[in-house]
Amino acid sequence: MISGILKDRRSALIVLIIIAIVAMSLISPYFLQINNLLTLLQYSAVVGVLALGQVMVILGGGGGIDLSIGSTMSLSSVVFGLAAVNYGLSPWIAAVIALVAGAGFGTINGLLITMLNLPPLIVTLGTMYLYSSLAQVLAGGVDITGFDREGFRTIGQMSVAGVPFQVLCILLPLGAVMAFVTRRTAFGRNVYAVGSNDVAARLAGVPVTRTRISLYAISGGTAALGAVITASWLLNAKSTAGVGLELQAITIAVLGGAAITGGIGRISGTLLALVLVAVLNNGLQLAGVGSTYQIGLLGAVLIISMLVRARGQSKTLVA
Amino acid sequence: MSAPAMTSPSTTPSPEAPDPSSAAQRDARLLSILRWIQQLLMPVLLVVEVILFTVLSPHFMTAQNWTNIAINSADLALIAAGLTLIVIMAGIDVSTGFAVGLIGWFVATGMADQRSPILVLLTALLAGAVLGLFNGLLTVRLAIPSIVATLGTSAIFQTLLFALWNSTDVFARPVFPWLSGQSRIAGFPTVALLVIVVYLILHVVLSRTVYGRSVYAIGSNAEAAALTGIKIGRVRLTAYLILGLLIGLAACLYSARIGVVQASSGGELTMLVISSVVVGGTSILGGEGSVLRTLGGLVFIAVLRNGVVLAGVPSLWNGVMIGVVILLAVGINGLVVRVSRRQRRSLT
Amino acid sequence: MTQPVLEAKDISKRFGATQALDGVSFRIDASERVAVMGENGAGKSTLMKVFAGVHQADSGTLTLKGEPFTPNSPYEAILSGISTVYQEPAFFSHLSVLENLYMGRQRSTIGWLNTPAMRREGQELLGRLALPGKLLRRLMGELSLAEQQLVLIARAVAADAQVLILDEPTSILTDTESERLFTVVDELTADGVGVCFITHRFDELERMADRYVVLRDGKLVGETTDADRDGLLAMMGGRELAPNAAMSTSVTPDRVGADSGTVDQAASPSQASIGSQTATADHDQVVLRVRGASLESTFDDIDLDVPAGRITGLYGLVGAGRTELALSILGELGLDAGTVEFQGKPYTPAGSRAALTRGIAYLPEDRKTQGLLRHMTVGENLSVAAMSSFTSTGVLELGKERSLVARWIDRMKIKTTGHNAAITSLSGGNQQKVLLARLMATQPKLLILDEPTRGIDVATKAEIHRDIHALAAQGIAVLLISSEMSELLELADVVHTLHEGTMTSTLSGAQITESAVLRGATGSLADAVSTSTVGSESEMGAIS
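Residue numbers (numbering that gives the first Met the number 0), protein chains in the order written: chain V, 0 to 318; chain C, 0 to 347; chain X, 0 to 543.
Source of the hints: derived by calculation from the structure; they are not laboratory data.
Ideal Cβ positions, reconstructed from N, Cα and C, are used throughout, including at glycine.
One or more of the hints may lead you astray.
Computed Cβ-Cβ distance ranges for the label pairs, DEER-style [claimed, not checked]:
#, chain 1, residue 1, chain 2, residue 2, range
1, V, Val95, X, Val394, 21 to 31 Å
2, X, Ser387, C, Ser31, 55 to 65 Å
3, C, Val46, X, Ala421, 56 to 66 Å
4, X, Gly343, V, Val95, 43 to 53 Å
5, C, Gln38, X, Asn113, 23 to 33 Å
6, V, Val21, C, Ile195, 55 to 65 Å
7, C, Arg25, X, Gly398, 25 to 35 Å
8, C, Arg233, X, Val220, 40 to 50 Å
Can you build the whole structure from these sequences, using the hints too?
Listed below in structure tokens is the structure:
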């Protein structure tokens, strides 16, 4: 029982989060103030949503990884901007169009990977170029501005009882839905089965191909969600909205305990990893350290967490 | 189907049974055609590309322009050569770009501080070796999947560069005159010759030495390689060391070419390097590939980036073309694997 | 008599619950050819792997040319002069034949390959096995299975070995190719090399070896220089045959067990016998009917009936095409020719998922790589194929799932702490029970069991056997693929034997004896029942 708890990546993350919070509040008296904690969440909403999509793809195994989510986010962002600004659609309809487009871009990845049996790393590397370049071409190389401020206030800038909309109404519900889907639905079972052993899953009647395609569609959809949040918040659609986010999303997913080989990992782990990263980032900011340090810290935490796993579970708490 | 008892199936084949070997023969033919396409794809694309840009722009087919292409992609070429070794062994490295940036800072700072060029060059090579071995240690000795390990080190290298940079751009100049784009040997850019020498050496190593054979063997079937007594760990570590040294050398070229080292210097190289290797036709699944193929992929991408600009196409389209070519190249690879698997009657 | 090159004393080796080798003493002299025989699972391959350094013996000693010899890795064994060609060989499919031949011991000067020398020697080497020299440049992965096998033999020969071990080298070779191999072996033994074969082929025994050693259940049970088939079969099977038993399949029109219908083996070839059996057995409705199933270079013109409430056995040596046949029925592998009927209706195999919905469930051969979802719980593993029974909207009704799982854990007497235990925490036997329950939870009409008790301890094995019996008694049609003789003898109502992709005999009731099954599976049925198997014999000729 005890060893089971120690083995679970999530208990290690909780301990780390507590340590980080204590350390940060010692460094800066502002850290524990409620306003600060809320901004802490706001900044991580987008990367959190992307990490949730990424973790699904990784769970599905077969070398599953989606390098293209940053670019998918950029491209969906442009689609969102064009729909909302150039075609003057309501923000909500534009958002739906962007989500469908994002899921479509993901499906293309999924089809290429499953139908042609191609390594996900390379397919999504190809579409990473393709989508980001298409985003630039569609947007003509400039930001799409001129969002009608009122309509987008809800999505991007409203807050409920001080909690930003994108956290309360997007990130948390999405996390909850995904946790439910992965643990309580036939689809979720299929995901773990496929990620654990795809040959065995196929022989047990699990639709391997269909499941994997869906995962890439979900990943594309979450990227589009990230685009909608960002664009509504900043009131412009950037054709470079998602640059660099793929690496952060992958890092958070892996840090949250998802095995890169598939079949192992929980959505709650991903969310905890997100909280840890957000706390560290925020603390470093308060301590007056630049944002790039956060990336380095993320990398270091990622490697250390892998080291702990590689060296056996008994020393989990050393991390 | 109640055939008479004494009928021998081998003497009177049932009429509805097709020739059992025809499907297999069709597959074999398809496979050889696909392999042929696989071989010819890159040369054909290169020729088409060159013809296209020659037609589209009068400035393309000039000695000056080709010199530019060669100089501007020399650093990329060196890293891609080293990465090829890693990829043949089914590994990957996504930290190369920021490694170049990080070492580039040392090079630029060293030159700015008037250190001896020899010392600067040695520092660059040493730093490259250290960073390469660090990646190697994480993936080989600590068994962290290479994609995860190098994602992590990439973030760390980026941050180290940021910390060293500390809001001050460092202006760089060539370490040695011969390491600059201006230098010529018999009219050829020296750096291009350097690249050619490196590729020749690595090609010979891969195809003519025991070490090279071991690299392919590990990529093809690591377990079988261990059975034949190949020291897998040592071979892989050596490959990371080679990649690291080449990154050190590339950093000298890079800082001289760009002229300044900033907070995110080098980052743009990572994916271009991987693309060159993959477009060239080295299989990400290991066992197959060569540095010459990488050179083909690299030339294709370098010419594309150059020609698109000259032809007046907005450079925004660059990525579309690179992306399509990557997908095309791996798509054919995938078909080959699929057909040959069907031939082997294998479930997996 | 020369001195022994390799001598093993009292070698024992245990894998979990299985005693693979039990005090085996064995020697190979210089210039001697020894054939090691025995049923599947008798310990032949394990013994060879102990020599080759793949496994380390738990107890006992090895001596090589009089020196103590303890290889800790295959590489050490090769260096010491023991060269092995495995049955399921490892090679480098992306690399050329030349590179495969010399991997690990290239001719080189300070790391620099001497390719011309290797090419010259390689050409010579291939020539000895009558392979064309131009093969050297081809990719290993592009060669036929037989060519690959010959290259690996050439590789082993080139190692300048003192002992050469060949595990079923001729099973995929043509007669000409085999003859070529024997000639090379003769040349090697003339030079003092000791050669050790594992083989099932009686027809080649005399050509192949000077001395025959028989293993059974991990023990060395006999040793002879007389290639008498019946004597060897008796040793392999473990009991002396009744005077007439060896001929019973052909000569004596057998009284058949009351529940298997009337079969006249002598008068009709195997295909027709199934027909007559099913025609007369009214309560044994045929659930699966396969006719003329062929898959190129895998199996050929297979007819098979699997009746409800019966256990139909399928026996064959490795590579006979048993598993491939099952996978083709599922639709996981293709089918070049032939028809399949399921429950009296034409059925086109379309993959495991479609098969399961129709009521065809398959227990895969390799539990670890094809059966277990290793990262998941016992409950999740058990219920994965039957999820539709506890969800209608896609949301799982966990209560229903729990009771389903609990019911099966109870029914199959699976030893586990329960639903949430990790599947990897169970013993192999209990894992297998979970997989069996996984299939049963889908309420199949036809159960295809591929090696259901491989590597499982004796007690659990008996339980699984009881389960299989009970399932058949409920009216489920069971197709039992097994390479374990005792399992088939105990369970099967009818046994079909496959040899190199061809069905060589169909035995039922009292006909099912060890020697009869072995004859069929080793393809040595031909002379025993020559009158009745003209068709299948000529087919075998066509394949091999």
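Checked hints:
Take Val95/V and Val394/X: their Cβ atoms lie about 24 Å apart, and the range 21 to 31 Å holds. Checking the proposed 55 to 65 Å range against Ser387/X and Ser31/C shows it is violated: the Cβ atoms sit about 44 Å from each other. At roughly 57 Å, the beta-carbon separation of Val46/C and Ala421/X lies within the given 56 to 66 Å, and the hint holds. At about 50 Å, the beta-carbon gap between Gly343/X and Val95/V stays in the expected band of 43 to 53 Å.
A beta carbon spacing of about 28 Å between Gln38/C and Asn113/X agrees with the range 23 to 33 Å that was offered as a hint. For Val21/V paired with Ile195/C, a C-beta distance near 58 Å keeps the hint of 55 to 65 Å intact. Checked against the given bound of 25 to 35 Å, the beta carbons of Arg25/C and Gly398/X, roughly 52 Å apart, lie outside it. Checked against the hint of 40 to 50 Å, the C-beta distance between Arg233/C and Val220/X comes to roughly 46 Å, which is consistent with it.
Checked against the numbered hints listed earlier, the structure breaks hints 2, 7; every other hint is satisfied.
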